[in-house]
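Going line by line, the protein sequences match chains A and B. For this note's numbering, count along the first sequence from 1 and bump the result up by 4. For this note's numbering, count along the second sequence from 1 and bump the result up by 549.
Please note: incorrect hints may appear among the correct ones.
Lysine-lysine pairs mimicking DSS-like chemistry, simulated, CA-CA at most 25 Å apart [claimed, not checked]: (1) B:Lys611 <-> B:Lys600; (2) A:Lys77 <-> B:Lys593; (3) B:Lys620 <-> B:Lys600; (4) B:Lys593 <-> B:Lys611; (5) B:Lys620 <-> A:Lys59; (6) B:Lys611 <-> A:Lys74; (7) A:Lys59 <-> A:Lys74; (8) B:Lys600 <-> A:Lys82; (9) A:Lys74 <-> A:Lys100.
Interface residues of chain A toward chain B, partial, derived using beta-carbon atoms under 10 Å [to be verified]: (10) Gln10; (11) Ser11; (12) Pro13; (13) Met15; (14) Lys82; (15) Ser86; (16) Leu88; (17) Cys96; (18) Gly111; (19) Gln112; (20) Ile118.
Simulated from the structure, these hints should not be mistaken for lab results. Heads up, the beta-carbon is just placed ideally off N, CA and C, and yes, glycines get one too.
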Amino acid sequence: AQTVTQSQPEMSVQEAETVTLSCTYDTSESNYYLFWYKQPPSRQMILVIRQEAYKQQNATENRFSVNFQKAAKSFSLKISDSQLGDTAMYFCAFMKRIQGAQKLVFGQGTRLTINP
Amino acid sequence: NAGVMQNPRHLVRRRGQEARLRCSPMKGHSHVYWYRQLPEEGLKFMVYLQKENIIDESGMPKERFSAEFPKEGPSILRIQQVVRGDSAAYFCASSLLPGNTEAFFGQGTRLTVV
């Protein structure tokens, strides 16, 4: 079974700083996807960024980028120039790349607070 | 194009009552997934349904919980004889295709059992 671990329950940084959230996972699969989701106080789950394991290039979406280390099974999220609106819970998630039914396996989350 | 709609947003039930949670997927989506989020935890997969079929229910508790996705109408997650431990946020997600890597989530239903 796959597991996802986020070792930082809470983090806090000043606005405009850069922050990195950690995520490690355990799987015997070679083909899979990794995700970061944001959950603001509204509870809406918002996809931040997605990485395909067979792609060596790290995914980037504006201020959000990942550091994907496949051998180490590590998938960290870097938020540059942090903004107050980035305050939220952040969840790392794993999905096997197979046909048919798919399910996300989530980590426990990191509560990120951006201070003015 | 409306997103995934879940209702109610908040539901309070007494122990022993039934809870019915509804999920209307995005237009054109025929694949629905239910997840449960206990307080201070990540989401846990419960069940994956296509229209009129349960495809994967490996995350569903064996008793009291059931799910359906009829040909017409929303998907329903039903919890019979609720207990305090069922208090959680229940999320629904939908996707256009099976194995689609982008599943769109609803805002969840927060169930409180008193």
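| Which of the listed hints are broken here? | Hint check: 5, 6, 8, 11, 13, 14, 15, 16 and 20 fail, others pass.
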